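Enquirer: The listed protein sequences correspond, in order, to chains A and B.
Per this note's numbering: the first sequence = residues 1 to 208.
Per this note's numbering: the second sequence = residues 1 to 469.
Because the hints were derived from the structure by calculation, they are not lab data.
A hint or two may mislead.
As the list claims (entries may be wrong) - Listing some non-contacts, in silico: residues in chain A with all C-beta distances to chain B over 12 Å:
(1) A34
(2) G44
(3) P86
(4) T96
(5) D140
(6) R144
(7) R145
(8) E188
(9) I190
(10) R193
(11) S199
What the hints assert, rightly or not - If we take Cβ atoms under 8 Å as the criterion, some of the chain A residues that face chain B in the derived model are:
(12) G59
(13) L88
(14) E125
(15) A168
On a predicted model such as this, the values are computed, not experimentally measured, just so you know.
Glycine included, C-beta positions come from ideal geometry on N, C-alpha and C.
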Amino acid sequence: MQRADVIANLLRTTPDVWSGRDVAATHSRDTGFAALNALLPGHGWPLSSLIELIPLMEGIGELQLLLPALRPLCREGRDIVFIRPPHLPYPPALATAGLPLNRIIWIDAQTDEAARWSAEQILREGMAGAVLLWSDTTKDIALRRLQLAAREGKSLLFLYRSASLLQASSPATVRISLRPQAGSLHVEVIKSRGGKSASAQLQLYRVA
Amino acid sequence: MLWLCLHFSSLSIELREPRDQFPTAVVDRQNSRRHVIACNKAARQAGIHPHMDASTALTLMPSLKLVDRSRSQERKALQALASWSEQFSSFVTLDAQRWLLWIEIGASLHYFGGLTALMEKITRGLGELDYSFATGIAPTVEAAALLTQHADAAPVYDQQAIKLAISALPVCLLAISPTAVDAFRDVGWQYIGEVLNAPRDQLARRFGPELTRYLQRLLGELADPREPYRTPSTYRRHLELSFAIDTTEPLLFPLKRMLGELQGYLRARDTALQALQLTLVHEKQADTVLQLGTTQPQRDAQSLWLLLREMLEQTELPEAILELILTVNQFVAPNNTQLDFFDDKSKHEQSWSNLLDKLRARLGTNAVKHMGLQDTHLPEKAWCVINHEATDKPAIAHNSPQRPLWLMQPRLLHTLPALLGKPERIECNWWSGDDVQRDYYIAETPEGSRWWLYRDVQSAQWYLHGLWG
């Protein structure tokens, strides 16, 4: 191997190294949307990072957005963990969407703190494919702890936040706001370490 | 037979949990005299030692705390140690009066890889249980006990060698009455060898037949059958705390020991548990009972301790705790992949279930859910929570109608968003009299949020039931 290749390879495989947008070196998973991949560092959802998703309202495809990335994880035998979701992640719909129910774990934590604690435990263990956490904590230290825990494992961490926190500061690697637009989902990357702010229109599979 | 005898000379103080922080001595009463039988390190440093008169000890150290010996606690502690020891031998016996425990190791020496390896295991294990002890190894029960009194006694393997090994020890180490020891001294005998060399019939005449029988058992000339200790088939360990405690954190220390004992018990029987109960006894209030369940068969003290720690952190105490009771009523076959040989997959599953157990311990048993499908048309009944990870084939619903990713408790709607498409009629339970007739629609709010709602056919009212998340 050429020395340049070796270095490039090393850069690509070291999660903490960011070398500008086009060479952005990170472990990532295909989002399933070319237009979204193009906006993200490493051309996909970054692993071992805090990814913040801020839907401006519910029922706009905020979960559907993740399905193309979650399906292959399930096929690899890795679990998807829902922590303190605002509603029941409806099993018949999950199964139809291609997420086998034996790969789904629902953590019904009573408090925001317990939810974050569970997420940290699971992330550290590093075996879950993806952790979907709903928390509206504004404590910077709490968010940093989540990010540190994410770094220890090799999972995807999606933190769902309320629209009211759109302007709040956050240590997240990637922050994305979601809103509906003419029957599709408008995805705006507000912040992206190693990438830049941009937006895309995603055509999700919509009912009716 | 080869006996390993363990002498727990400080048992009466070391069994006290929580540990005494201040100088403390355990005293026993003999006639009207009270004397120290054991003390903690803080007291030892002040010059207190066993056999010292209680009044002398108090003069030496007025702040010394004196506590009365509890023979029942000593017996319980020694029985728990006997249960623990059964992992090394099928024959364990004890003498609670003398704080002695014997383990027959002749049969298991080879299995454990020789005496050095076995002793290392036992020493490490007792270290984890936090007891100090002295050891003696000999072919007879009493010789092994005697050798515990001598710091550097080498193991005696051969019955013929007992006499030589103990001859140079002082007579006061013999397990005989103090008056007999005094009588020996009067005769001028200082060492055991001198007693053993005396003609037996003379000894019997002067000191009684009991003494000669003891000497014969000591040397192996007379059989010395002992009752093996048998742990009851359900496990119960009862600990009275040395003082009432009103937070759960100090419980972690006694629990470490209790679970260590339990681990030995489980190993001895090559069994494991999936549930245990910890009862915290209060003075007036009803007991606080913690039920711990694990996903996989478990017998590792450390894992169980971590789980109980999570539970205790979440436990509100109505009152201070006086006693602890650890009970296991049911045992299950150990999952051997978990205990010894890992492959990556079972290791993965094992650490996953350990992790989920930890979450359950902290958040409540029902907080960690796995879900399954149920064969019914009624949307809110078409799923269920299943207790353990489904190991069977993944449930995938084929050709089922479109369903939203979020389901909610039906919420009455007063204004309707724009309905999209045709309704889906869901009818069921007409046979059970609990009739349900609904027309489900997909709708879109002006803001662009998509809802799943239905019109109850009978009442003609509209309900929001899900969101297309």
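Enquirer: If a hint holds in the structure, say so; if it does not, say that too.
Expert: How the hints compare with the structure:
1. A34: holds, 23 Å
2. G44: Check passes; 22 Å lies beyond 12 Å.
3. P86: violated, 8 Å
4. T96: Violated: least Cβ distance 5 Å, not greater than 12 Å.
5. D140: holds, 24 Å
6. R144: Holds: least Cβ distance 22 Å, greater than 12 Å.
7. R145: holds, 16 Å
8. E188: Since the minimum Cβ distance to chain B is about 15 Å, E188/A lies beyond 12 Å and the statement holds.
9. I190: holds, 19 Å
10. R193: holds, 27 Å
11. S199: holds, 16 Å
12. G59: holds, 4 Å
13. L88: This interface hint holds because 4 Å falls under the 8 Å limit.
14. E125: holds, 5 Å
15. A168: Status violated, d = 22 Å.
Hints 3, 4 and 15 from the list above are not met by this structure, while the remaining hints are.
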